[in-house]
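All chains, full assembly: derive it from the sequences and hints.
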Amino acid sequence: MERIWLLIPVLLMSTAGPAASDTVGPPGTGVPATFEAPDESGPPEVSRAVDLQACDVSNDAGGAVDLTWLMETGGVIPDSLAVIRTSPSGEEERIAILAPGSIMYRDTTASNGVEYEYRIVSLIRGEEAASSGTAAAAASAQWIHSGRIGMMVILIILAGAILYFIDTGKKGKQLYIREIAGLAAVDDAVGRATEMGKPVLYIPGIMDMDDIQTIASMVILGRVARKTAEYGSPLLVPTCRSVVMSVSQEVVKEGYLQAGRPDAYNKEHIQYLTDDQFGYAAGVDGIMVREKPAAIFLLGTFYAESLILAETGRSVGAIQISGTAMPSQIPFFVAACDYTLIGEELFAASAYLSREPKLLGSLKGQDAAKLFFIVLIVLGVVAATIGQFWPPLNGIAEFLRDIVTVN
Amino acid sequence: MRLMIPLAITFIAGMIMILNFFIPHQPFAFLGDNLQEWYMIVASGAIFLGAANLMHVHIRKIRLRLKNWEYSPVTIIGFLVMVVTGLVYGVTENRPFDYLFMNMVAPMGATMFSLLAFFVASAAFRAFRASNWRATLLLTSAFLVMLGQVPIGAMIWDKIPLAKVWLMSIPNTAGQRAVMIGAAMGVVSTSLRMIFGIERSYLGGAD
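Keeping their order, the protein sequence lines are chains S and Y.
Using the numbering used here, read the first sequence as starting at 1 and increasing by one per residue.
Using the numbering used here, read the second sequence as starting at 1 and increasing by one per residue.
Think of the hints as simulated: they come from the structure by calculation, not from any bench.
Treat the numbers as computed from the prediction; the structure is a model and nothing was measured.
In this text, a Cβ means the ideal position worked out from N, Cα and C, and glycines have one as well.
Wrong hints could be hidden among the right ones.
[Unchecked claim] Selected chain S positions facing chain Y (in silico; Cβ < 8 Å):
| no. | residue |
| --- | --- |
| 1 | Asp-60 |
| 2 | Ala-159 |
| 3 | Ser-242 |
| 4 | Glu-268 |
| 5 | Phe-332 |
| 6 | Phe-347 |
[Stated by the list, open to error] Computed beta-carbon distance windows for the label pairs:
| no. | chain 1 | residue 1 | chain 2 | residue 2 | range |
| --- | --- | --- | --- | --- | --- |
| 7 | Y | Leu-139 | S | Asp-188 | 25 to 31 Å |
| 8 | Y | Ala-124 | S | Tyr-164 | 43 to 49 Å |
| 9 | Y | Ala-117 | S | Val-406 | 32 to 38 Å |
| 10 | Y | Val-150 | S | Leu-393 | 40 to 46 Å |
| 11 | S | Thr-109 | Y | Met-168 | 46 to 52 Å |
| 12 | Y | Val-150 | S | Gly-133 | 57 to 63 Å |
| 13 | Y | Ile-12 | S | Leu-393 | 41 to 47 Å |
| 14 | S | Gly-260 | Y | Glu-70 | 35 to 41 Å |
| 15 | S | Thr-108 | Y | Glu-70 | 53 to 59 Å |
| 16 | Y | Asn-172 | S | Ser-315 | 26 to 32 Å |
| 17 | Y | Leu-35 | S | Tyr-164 | 26 to 32 Å |
| 18 | S | Gln-142 | Y | Ala-8 | 25 to 31 Å |
| 19 | Y | Ala-117 | S | Gly-260 | 46 to 52 Å |
So, in structure tokens, the structure goes:
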């Protein structure tokens, strides 16, 4: 706390403009501020850095040292600060020039395992006017990110549960998966489009292939493509990203091949519109209004365009199945679509639709891990609540919070 | 072989990214950063694919006089004008590209975004019908939140803004967190399925 109080005058001085001892040319004359001695009793002391500390940056690949210091108060503010690094061989190097109010610096040019000595020099007109004491540190790389150990434990538990249930599924044990209305309606939606002689419109969200929701959407697209190929309905896939377009073309082509209808595949139906969010929304709305699809799938990552798309789809009378893991967009989909896959249901779609034991096993594993974390959360809530009256339990709540916190 | 190579690439790339997340030490940091850069390079290259596809689809539409072909010249002209002005005059401020972007593209985007207000109204009208007790609960909560958001709410009863804050920060946050935790589990599970080759339907589903 003492350090914070020391900082306040330093920051105020550094931002308040010229110090009392400075002279500034008349406003508007363009005459720069110059440094002058305040009186004839000799030049005042120049503020220097104090309490310099150097330490290795934690959880990195090495090569970095963090420096922190405070600035002395009461003296003349220097023009700038220089960070001086001395290597074990005694070679001195000026590695950075900083603004006078600076109180920290990260040296990212250090070699691992070499102990450097640092000092901060106050400069007046480029000349060394005062210097801090020295602090030494050596950069090093860490093998484990200490802030992510909890996440690693979670991943191991989840992976273990998934592998266990996959093994159970492979052994032929029947695994119960609750019905997901949105996924059960996929066949009906495609069938409806076929009966009406209208196309099926599939919208894979507006994000690129590095988004896991887009990847999940591609998995469902493969299943939908197989159904449309079997039923003989045209499948339109307008995309917002070029990579998604390429992947969609391959996925749909595979779906048509699987269904034994490669001749029905039309590459022109999977087209790139634009990367622009609302440009894409306008383009897809245009397709909806012109083509009047009987079934619309909105599966992937959506932002503000979600309701624009879903409401337009509703206005053309299409049956709509939506799904996203974006919490802020789910209410819009629920309001405007016939079926909505909420959060995790989007990721469960592939297993649900294929009914492959291995995939169903992974779903059961996911559920088991979820149950485990529900128990952890309940324990944490109870511990934190009782901890208000009986402090020893706060430790348990803190421990649980640390486990699930990712840095 | 057709399946093994993509599965092997997925496994290696996925494992590198997982290890990079937990192990900051080299070579994982270097490999992880490089993989992300590779993705950026591939995605940048794919922009040309997108542009080529756009031109191909619309030129074909015009050539064969397919349904709604009249809109295609607008798309092609718009696309070419932006590309040419960008390439010839640059994309910095006060250049023709910037002028077109600020005076055509941005207002059109804003127009689409503005439509959201009308769509929200029509969706809310449907969603807020008191058809059963759940819908009535939703209607009441939404009414309180909207009323608490505007000054007249506090004028009617000073506790309404407090009720709004409570609804948004307790039940609403709890619901959102539940969705997020479930989705996070789904993300991890899907990623593991793909990395270990259990999920391969994106490759055509063949075993």
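Taking the hints in turn, this is what the structure says about them:
no., hint, in the structure
1, Asp-60, "5 Å, holds"
2, Ala-159, "6 Å, holds"
3, Ser-242, "3 Å, holds"
4, Glu-268, "6 Å, holds"
5, Phe-332, "7 Å, holds"
6, Phe-347, "3 Å, holds"
7, Y:Leu-139 to S:Asp-188: 25 to 31 Å, "30 Å, holds"
8, Y:Ala-124 to S:Tyr-164: 43 to 49 Å, "45 Å, holds"
9, Y:Ala-117 to S:Val-406: 32 to 38 Å, "37 Å, holds"
10, Y:Val-150 to S:Leu-393: 40 to 46 Å, "42 Å, holds"
11, S:Thr-109 to Y:Met-168: 46 to 52 Å, "47 Å, holds"
12, Y:Val-150 to S:Gly-133: 57 to 63 Å, "59 Å, holds"
13, Y:Ile-12 to S:Leu-393: 41 to 47 Å, "45 Å, holds"
14, S:Gly-260 to Y:Glu-70: 35 to 41 Å, "37 Å, holds"
15, S:Thr-108 to Y:Glu-70: 53 to 59 Å, "58 Å, holds"
16, Y:Asn-172 to S:Ser-315: 26 to 32 Å, "29 Å, holds"
17, Y:Leu-35 to S:Tyr-164: 26 to 32 Å, "30 Å, holds"
18, S:Gln-142 to Y:Ala-8: 25 to 31 Å, "29 Å, holds"
19, Y:Ala-117 to S:Gly-260: 46 to 52 Å, "48 Å, holds"
Every hint from the earlier list agrees with this structure, and none is contradicted.
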